[in-house]
Amino acid sequence: MERRGFIKKTAIASAGMLASSSAMGMFAPYKDAIIGHGDFRYKIDMSWGTLNAENYPVNDCHEMVQDSKGRILLLTNHTKNNVIVYDKSGKLIEVWGTDYPGAHGLTLKVENGEDFLYISDNVRHEVIKTTIDGKVVQIFPYPAASGKYAKKEIYIPTETAIHDNGDVYVADGYGEQYIMHYNAKGELLHTFGGRGDADHLFNNAHGICIDSRNSSNPTLLITARQQNKLKRFTLSGEYLESYDLPGAYICRPVIHKENVYLATIWSNDGSEGTGFISILDKNNKLVSAPGGCTPDYANGELNKMYQTLKIFTHPHDVCVDEDENLYVAQWNSGKTYPIKLVRI
Amino acid sequence: MRYTQLVIVLLGLLFSCNTKEKEEEESAYLTAVNTLMAAPLLECENLFFTDSVKVAMKFSLPDSNIKYTLDGSDVRAESKTYEKPLLLDKTTLLKAKNFHPEFQSSNDASIKVIKTNSKLAGSKIDVNPNPNERYKATGTSSLTDHIKGTSSFANGNAWLGFQSDSIRMEIKLSQAQTLSKVIVSTMVNHGAWIFVPKKITVFSGTREIGKVDLPKPSKEDTFRLEFIDIPIKKDIYDSLSIMVSSVNEIPEWHQGKGTVAWFFTDEILVE
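As they're listed, the protein sequences go chains A and Z.
For the first sequence, counting from 1, position 88 maps to 88 in the numbering used here; every step adds exactly one.
For the second sequence, counting from 1, position 159 maps to 1159 in the numbering used here; every step adds exactly one.
Any given hint might turn out to be false.
[To be verified] With a Cα cut of at most 20 Å, we get these calculated SDA-like pairs of lysine to any residue:
#1 Z/Lys1112 / Z/Thr1144
#2 Z/Lys1080 / Z/Gln1104
#3 A/Lys310 / Z/Asn1034
#4 A/Lys310 / Z/Leu1041
#5 A/Lys310 / Z/Lys1058
#6 A/Lys148 / A/Thr191
#7 Z/Lys1058 / A/Gly270
#8 A/Lys335 / Z/Gly1191
#9 A/Lys335 / Z/Gln1255
#10 Z/Lys1115 / Z/Cys1044
#11 Z/Lys1219 / A/Gly270
#12 A/Lys31 / Z/Val1033
#13 Z/Lys1080 / Z/Ala1056
#14 Z/Lys1172 / Z/Asp1238
#15 A/Lys31 / Z/Lys1080
#16 A/Lys69 / A/His256
Just so you know, the hints here were simulated from the structure itself, not pulled from any lab data.
Given only the sequences and the hints, what does the whole structure look like? Please build it.
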């Protein structure tokens, strides 16, 4: 509530300054900002989900998902309330979770009609599976069996992807850059990836998801954030192809209908505070960049992307609801709550 | 209080223009006038040149335009509009800014290009301590190659990086020259713990011939390529010694508080 008030006051104060500096200012159109390109354009609700920080504090807002009831869940690494559950209007429903100091990745999977959450905790060095209200049902500890990790501390998982058959993929995005492939029982089947510049290797394998847009041939999409690439692998870990997004430091791929949405934490040369949102079409081409420059392909290559509007600081995840509105969680952005983009 | 009337006018406008927003008074959207544009991107091949250098500006947001100045003054709505790359033939501080009919004008972006006939090429430079293993460029010859480093300090061949209280650079000139100024090219990148040093002193032998004290780092100052001018006593020199005193305690507001800051340099010039 306080932030809403603050934003309104700021808006009024700046309008006031305009009015006093120019006679026209008083009658200047007081238009809503519209961001994005092509069909993917949005108005910006900066005050969505803002809570009293004394009661419901956040540190980094890392990721967000929508559950089967349509509620929006936010994962933060503040252990007073690691999970904050909102309705779509941004009203608080409930909070839970005090045991996830490194709460980073949040994936929701419906299993036998029930919603389950997979939390990648990069301080605990493990992945925790919970019910939708936070009861722990399974833990995927650091993968000693892989032989890639001499000690727990160098395993720093950032994200999970869950296949319909129950298999779990974990990206060690801040650790050794391997992708762990488990079965539903938590047995490690296989490890692939690792650190490096080659196509099948990663520099910051930050996010992972299952791409079922081609339902007969689901594959894995994995971000190589420092390489500004989205990489496709088979479900058994063979490298297929990459999509270059020069200048876009993409966090995790989120698939909604035929599009891929990616919070882009930095842009251009990777300077602080230069984030925006990237939206790819069914051919994995960038078609809209809310907060970023106009996407433009010349000879099949995308121009180097950069921020044009200072709306986002460090977007870390995008959640897409059924009306294709976006909820954007941000890392290291002054402990602010998510921003909602309302599609127009 | 003096805005009360305006508030009423504005809310009136908001409600009369948009019935959708009337129902959701709580979720008024961010307006264009309150949305700040990012600064334009300035591109040039090299910040050092001998004859002329081309500078291009870039910003892809429909209806925006870039205005600029070449005399170091702040950019205003009346300043020149950018149309095509500029060819500059003298040392210039260029400032540029984005304007738009709806969005809030950006902050200034600036770039300084330096025309130089610095005769350090062929000089021998010894540094103590040695640069960090990860940031040693192609050795100290990088400091006199007239190649300006880019913002990506980690993967270029231009930048030498040091994390030490003080760095001493001993320059043995290839021939004695009349000199009145030393220029140290450096970088501010607080996100990467790289700060402008506290102080740079120039010696000839043991005699101090020039010194600058640099301002304390400011929180708002996140990234910048910077040239530090150190006027020295005009004379004929065959060797110089440059002493860089780093920020030995990163300020309280930074996550690296209390530790020694990094100092990065990619070029030393003399005039």
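Hints versus structure:
1. Z/Lys1112 / Z/Thr1144: holds, 18 Å
2. Z/Lys1080 / Z/Gln1104: holds, 18 Å
3. A/Lys310 / Z/Asn1034: holds, 10 Å
4. A/Lys310 / Z/Leu1041: Status holds; Cα separation ~14 Å.
5. A/Lys310 / Z/Lys1058: Satisfied, since the Cα-Cα distance of roughly 16 Å is no more than 20 Å.
6. A/Lys148 / A/Thr191: holds, 9 Å
7. Z/Lys1058 / A/Gly270: Measuring from Cα to Cα gives roughly 17 Å; hence the hint holds.
8. A/Lys335 / Z/Gly1191: Within the cut-off at roughly 18 Å; holds.
9. A/Lys335 / Z/Gln1255: holds, 15 Å
10. Z/Lys1115 / Z/Cys1044: holds, 13 Å
11. Z/Lys1219 / A/Gly270: holds, 19 Å
12. A/Lys31 / Z/Val1033: Holds - the C-alpha atoms of Z/Val1033 and A/Lys31 are around 8 Å apart, at most 20 Å.
13. Z/Lys1080 / Z/Ala1056: Status holds; Cα separation ~14 Å.
14. Z/Lys1172 / Z/Asp1238: holds, 6 Å
15. A/Lys31 / Z/Lys1080: Cα-Cα ~27 Å, so violated.
16. A/Lys69 / A/His256: Between A/Lys69 and A/His256 the Cα gap is close to 17 Å, so the pair holds against 20 Å.
Violation of the numbered hints given earlier is confined to hint 15; every other hint is satisfied by the structure.
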